[in-house]
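Which chain is which? The protein sequence lines are V and R, in order. Residue numbering for the first sequence follows numbering that gives the first Met the number 0, beginning at 0 and increasing consecutively. Residue numbering for the second sequence follows numbering that gives the first Met the number 0, beginning at 0 and increasing consecutively.
Derived from the structure by calculation, the hints contain no laboratory data. Possibly wrong hints are sitting among the right ones.
[What the hints assert, rightly or not] Below, computed lysine-lysine pairings styled on DSBU-like, alpha-carbon distance capped at 30 Å:
1) R:K120 with R:K78
2) V:K146 with R:K120
3) V:K90 with R:K78
4) R:K144 with V:K141
5) R:K84 with V:K146
6) V:K147 with R:K84
7) V:K118 with R:K120
8) R:K78 with V:K147
9) R:K94 with R:K78
10) R:K144 with V:K146
11) V:K84 with V:K141
12) V:K141 with R:K120
13) V:K76 with V:K147
14) R:K120 with V:K147
[As the list claims (entries may be wrong)] Residues on chain V that point at chain R, a partial pick, calculated with CB under 7 Å:
15) P86
16) Y131
17) P150
18) R151
19) I152
[Claimed, not checked] Covered stretches of chain R, going by a simulated chain V footprint (3 or more residues, C-beta under 8 Å):
20) 78 to 89
21) 117 to 131
Just so we're clear, the structure is a prediction, and the values are computed from it rather than from any experiment. Even for Gly, the Cβ is constructed at its ideal location relative to N, Cα and C.
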Amino acid sequence: MNQDLIRTIQEKFPAQVTGTHAFRGDSTVTVRREALREVAGYLRDELGFEFLMDLTAVDYPEREDRFEMVYHFYSFKTNLRLRLKAPVNGKEPLIASLTPLWGAANWFEREAYDMFGIKFEGHPDLRRILMYDTFEGHPLRKDYPLKKRQPRIVHRE
Amino acid sequence: MGLETAFGHSFFTSRVDDAVNWARKYSFFQYPFVTACCGMEFMSVWASSYDIARFGAEFPRFSPRQADVLFVVGTVNEKLAPVLKRVYDQMCEPKWVVSFGVCATSGGFYDNYATVQGIDKIIPVDIYIPGCPPRPEAVLDALMKLQEKVSAESVMDKKYK
Numbered sequence: 000m001n002q003d004l005i006r007t008i009q010e011k012f013p014a015q016v017t018g019t020h021a022f023r024g025d026s027t028v029t030v031r032r033e034a035l036r037e038v039a040g041y042l043r044d045e046l047g048f049e050f051l052m053d054l055t056a057v058d059y060p061e062r063e064d065r066f067e068m069v070y071h072f073y074s075f076k077t078n079l080r081l082r083l084k085a086p087v088n089g090k091e092p093l094i095a096s097l098t099p100l101w102g103a104a105n106w107f108e109r110e111a112y113d114m115f116g117i118k119f120e121g122h123p124d125l126r127r128i129l130m131y132d133t134f135e136g137h138p139l140r141k142d143y144p145l146k147k148r149q150p151r152i153v154h155r156e
Numbered sequence: 000m001g002l003e004t005a006f007g008h009s010f011f012t013s014r015v016d017d018a019v020n021w022a023r024k025y026s027f028f029q030y031p032f033v034t035a036c037c038g039m040e041f042m043s044v045w046a047s048s049y050d051i052a053r054f055g056a057e058f059p060r061f062s063p064r065q066a067d068v069l070f071v072v073g074t075v076n077e078k079l080a081p082v083l084k085r086v087y088d089q090m091c092e093p094k095w096v097v098s099f100g101v102c103a104t105s106g107g108f109y110d111n112y113a114t115v116q117g118i119d120k121i122i123p124v125d126i127y128i129p130g131c132p133p134r135p136e137a138v139l140d141a142l143m144k145l146q147e148k149v150s151a152e153s154v155m156d157k158k159y160k
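Chain R with its partners taken away, still in its complex shape:
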């Protein structure tokens, strides 16, 4: 963020961190990269029963340039891999990636010629959610874990320089 770089690790930057991270972690704009049946469970996290809006992460942006969190929901195959990479590359920093379900995480039981064995072969991943598909509670748990991760970040981190 520029100014903080001049101050280094100090009281001032830690206060800025707190404010910025607080704002970031409660206002995730997400990009839903939904490719398979996990999308159903993802919708139920969105809907009123589980209500992801309570965590400030309900707002989908279907343009990667406006999104903070990339939710990769479902199987990604080799044919689709360049698309996922491009969507990730188009997102602005700071950005995070959530791998939703076993297919996105490891290929799941699709150990075959067509399927990418985990999206971390294509893009870096912050949070993995296990399950086929994951329960909505697991998704909310992952979201809270991501919030914890974000709140531990600093504007001094290398990725922002």
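Excised from the complex, chain V in its bound form:
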């Protein structure tokens, strides 16, 4: 069933799907960055994935496209889950926002922006969500110094 799902997506977007993976139910499809909105819209409208469960990013400093966006979808109708991945370039970390499709994406994308500095095109209110506004840098990037601290008030001693 999961193989059917992956095949369906592959046949619909042969040029955009760059890789697939499936092991004991963790169906994963990797797509090009430019095709994210299109593929996601197809998942929602045609395949019934009405629930965006999670959205986050991973930093792979050794890769050419440094960041990888990871989306988890769930369909109540078919009880299927799907993971969608899209690489994002480190020099220009920009990808389409999914907030117009799923309201749930709003705060997740703000978190990804806060932690990784990835910008989301079309996001209605892209600003930090966890760290304070005076915080500099993006702490979950692998090159953020491990011991770096940015206190808001002067520490004692």
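Dock chain R against the given chain V, drawing on the hints supplied.
The following block gives chain R in isolation, referenced to the frame of chain V:
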């Protein structure tokens, strides 16, 4: 307290100390600054099994201006640090601070960009309670230690002048 200052260290002031400290140490009004999972254990100290009321410290005041003891229960991050400082500054003398659990004490295992490595970087602390979270017995032990500390204080101490 004014009058005692005129008498200096004498029989009179030591008697006043005894009376005042006795009253203070058995009627702590606490401000629970609860930020994390330690709060669960803090509640159990409150509840009937351990019953912090036996020590006269059961009364929470959610206004810092009416509180004597600031219980910092849980992780304090850099974003929250100014809030903790302000709550402490709003408390009236005499005031004491208890650091509840390893996160408040040293940051615990949160040695990262977000976490204050011990609330003593923000405010002075009187008693540290170790544990993740501390057992209720440890909290009661700390409370008794704080009572000992209070009973050793004097109205002549610099902090009251």
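- Earlier hints that do not hold, by number: Going through the list in order, the structure violates hints 4, 7, 10, 13 and 15 and respects the others.
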